[in-house]
Amino acid sequence: MSADKAKDKAKTYKLSLKGSAKSVAEFFEYSINTILYQRGVYPAEDFTPVKKYGLTMLVSQDDQVKAYIKKIMIQLREWMIGGKISRLVVVITSKDTGENVERWQFDVQVLSKPSKKSSSKKTSDKENAQPSEDAVAPPAEKTEAELQVQIQSVFRQITASVTFLPELDGNCTFNVLVYADADSEVPMEWGDSDAREIQNAEKVQLRSFSTNSHKVDTLVSYRMG
Amino acid sequence: MATAVSTPLKSHMGMFSSRTAGGRLPLTPSPRTRTNALVLSNHSSPFTPERKDSDDIKSKSTYGGNLSSHFAKSKSHRDSPKSNIAKGVQTPRRALELGVSDFTLTGTGCKTPASSRSRKGALRQKSTKTTLSYGDRFIPNRKASSAIATSGSGKLEAGEKRPKTSGGESSVILASGVDDALAALGSLSINDDEPTYSRPSPNTVAYQDSLASACGVSLNQRILAFKPAAPESSKPVDLRSQYNRPLKNANAASAQFRRRIATAPERVLDAPGLVDDYYLNLLDWSSGNQVAIGLERNVYVWSAESGTVSSLLETSSDTYVSSVKWSDDGAYVSVGLGTGEVQIWDVEEGTKLRSMYGHDTRVGVMGWDKHTLSTGARSGLVFNHDVRISQHKIAELVSHTSEVCGLEWRADGAQLATGGNDNLVSIWDARSLAVPKFTKTNHKAAVKALSWCPWAPNVLATGGGSYDKHIHFWNTTTGARVNSIDTGSQVTSLRWSPHYREIVSTSGFPDNSISIWSYPTLVRNVEIPAHETRVLHSCLSPDGQMLATAAADESLKFWKVFEKKAGASSSAAVSGASGKADMVKQMTIR
Chain A
1 MSADKAKDKA KTYKLSLKGS AKSVAEFFEY SINTILYQRG VYPAEDFTPV KKYGLTMLVS
61 QDDQVKAYIK KIMIQLREWM IGGKISRLVV VITSKDTGEN VERWQFDVQV LSKPSKKSSS
121 KKTSDKENAQ PSEDAVAPPA EKTEAELQVQ IQSVFRQITA SVTFLPELDG NCTFNVLVYA
181 DADSEVPMEW GDSDAREIQN AEKVQLRSFS TNSHKVDTLV SYRMG
Chain B
1 MATAVSTPLK SHMGMFSSRT AGGRLPLTPS PRTRTNALVL SNHSSPFTPE RKDSDDIKSK
61 STYGGNLSSH FAKSKSHRDS PKSNIAKGVQ TPRRALELGV SDFTLTGTGC KTPASSRSRK
121 GALRQKSTKT TLSYGDRFIP NRKASSAIAT SGSGKLEAGE KRPKTSGGES SVILASGVDD
181 ALAALGSLSI NDDEPTYSRP SPNTVAYQDS LASACGVSLN QRILAFKPAA PESSKPVDLR
241 SQYNRPLKNA NAASAQFRRR IATAPERVLD APGLVDDYYL NLLDWSSGNQ VAIGLERNVY
301 VWSAESGTVS SLLETSSDTY VSSVKWSDDG AYVSVGLGTG EVQIWDVEEG TKLRSMYGHD
361 TRVGVMGWDK HTLSTGARSG LVFNHDVRIS QHKIAELVSH TSEVCGLEWR ADGAQLATGG
421 NDNLVSIWDA RSLAVPKFTK TNHKAAVKAL SWCPWAPNVL ATGGGSYDKH IHFWNTTTGA
481 RVNSIDTGSQ VTSLRWSPHY REIVSTSGFP DNSISIWSYP TLVRNVEIPA HETRVLHSCL
541 SPDGQMLATA AADESLKFWK VFEKKAGASS SAAVSGASGK ADMVKQMTIR
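These protein sequence lines are chains A and B, in that order. Be aware that the first sequence starts at 1, since it is given in the UniProt record's numbering, and climbs by one per residue. Be aware that the second sequence starts at 1, since it is given in the UniProt record's numbering, and climbs by one per residue.
Fair warning: there could be bad hints in the mix.
Subject to a maximum C-alpha distance of 16 Å in a straight line, what follows is the list of computed EDC-like cross-link-like pairs (lysine to aspartate or glutamate) [stated by the list, open to error]: (1) B/227 - A/192; (2) B/227 - A/189; (3) B/560 - B/543.
Simulated coverage check for chain A against chain B, where a stretch passes if three residues somewhere in it have a Cβ under 8 Å from a Cβ of chain B [what the hints assert, rightly or not]: (4) 22-35; (5) 142-149.
Just so you know, the hints here were simulated from the structure itself, not pulled from any lab data. The structure displayed is predicted, hence computed values, not measured ones. Using N, Cα and C, we set each Cβ at its ideal position, and we do this for glycine too.
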């Protein structure tokens, strides 16, 4: 009986982790689209507004871009659900010079870790102590509405960041990097890369949001001058 | 050197690489190479792609032939770190520490591979030996040795527990490093006794640990890039124009496709003597494209085709025209009088066909359904007349307690809506007229404006008077109110567009305007300040494009509010007209 209960609990947890991973992945998808739109990587006409998170989000309608992002998202979702990812990076590169001009970094932390699953491995590159969960009292479930408000504010900040980010020349392309566990299964299309950091970058930490199982921090770094 | 070439470096680092790292490479198979690469690239970026390491490993096999020459070369290089320290040559500090640290790694460092991989016992012993032999050849930096000491202690734990410290992680790497080393050895088919090749394991540990702590890099992590290049942008983007755009650019785009509504009247006619009375209905446009207007005691017919005006009738001096309505076929016009008499006139002949009596108060509103004429009077009574028979009164609809000022048949004749000064909207089923099917009390003022939706037969729009100012939309099947608009002024008439999903309302005080609303979004598409005083009546042309409004300022204005796009077929209007033409022959008014 009690064993059954525990099993049920574990199941619930698994589901919520999976659901959380999916919503984080979805957040990434909209983030990539928003960045592409806001930073003018693709022309604004390519984007169409959709209602999401109580906001009007702009999503690319270009078939190629859509397919490109979709391919990324399929793999990303898999990794997210497996808990293999600790960071997602969108690098904007100048096509003329090949320089990295802007770098959007989304750090993912898996919050609670009731089982010894390797899938929920924490990132060790965080100096800050992670918010440790009380083993006795599980954290209060975050409601959908609270999550939406948090995500809203992140997107508002991304949108607002065009005010301080240096103007891009409009001739840019982008790459998506992930920081994955060494033991992740890596499909053909993904390959090792350097961090594509920007030298002498100015960094701005944006808001964070957290689901019941994940915490996502957002940081943008950009080249000065 | 593969590492030096493939990793972007600052110039002074290049110098460094040629001395220390360059010298090391042949001595150390894969693990060492990797750490060298990390050291070097550290200064440009803390992360070094593993791909490059594997390239190095592959390229290593090419050394196989002349290893000895490499050793010879490396021997001379190996002294350089020491001499650097002695002379105080400027060598980056961190790199120096890393370079030196290997040599204090006697006991602790080598244990790790042994504990994690037992099969490398032999290897471990050799490495211990060689490391010791080199140990006295360098002056260990104090800092470096302490770093090694801590990392070494971490590794002792790592063998048993593998905690999540950097030491624990590096032990994994170390193990793999040893594997790599063995693999490299195997591929090179070099004798196991060769001491040089057993060294890497402790050195690797040192490098990895120091690096991990120095750079804050987690070594069990890979940075993966989605390799396919992002699709090309269809055109260069000028962000400045993008920022300057209104935020809702999509709506702006759709604005281009939104139809333009002419806000100026197409034509203005004088309507002298138009009685300024909200409760009357003095304007109607026939299916034959003629406009009838009641001006005091006269009814005039204006032909929209020819633009000619003719006076149809003049009442006796003791009364006035209170309502006019064309029959569906456009051949007859019914005229309600202040006395309660209803006359039917043949417009082409200019003759009165019959008079129908029954109401003893003025007839303010009328409506045709084929041969049935419904008349609403000030008494609140509504009569249905069959105009073909002498005993014309076929039904008495009792619901309103005050003047009936709005009356509309549904196009199919199945339902009749009436509105009155008692603020009621009554919806009648044509098959049972004893009681209204629904009586709606939502309006707070007299209801004159009534209109049936042409594309959704069970939707009725009703507009209330100056105290109410609302348009309500009803589902007349269920009786439910489905939508409402607060127009902000008295609603004097409502007309649905037959072509657009829109409805036009005319208003009295205070706006005296024409408003066009999208339905069901209820967005006001346009508001035209139409008249100087309240708009009393409106009607649509038979093709549904033009709206005629009559106002208390004694003018009759024509507005092209529902102009059809060029090329759009007007077949519906044509067929409708022809259908009505057929009907003319069927109806005989006595």
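Hints versus structure:
1. B/227 - A/192: Given pair residue 227 of chain B, residue 192 of chain A holds - Cα atoms ~9 Å apart, limit 16 Å.
2. B/227 - A/189: 6 Å, holds
3. B/560 - B/543: Given pair residue 560 of chain B, residue 543 of chain B holds - Cα atoms ~11 Å apart, limit 16 Å.
4. 22-35: Coverage by chain B is violated here, the residue count being 0 at a Cβ distance below 8 Å.
5. 142-149: With 0 residues in contact (Cβ-Cβ under 8 Å with chain B), the coverage given for the segment 142-149 of chain A is violated.
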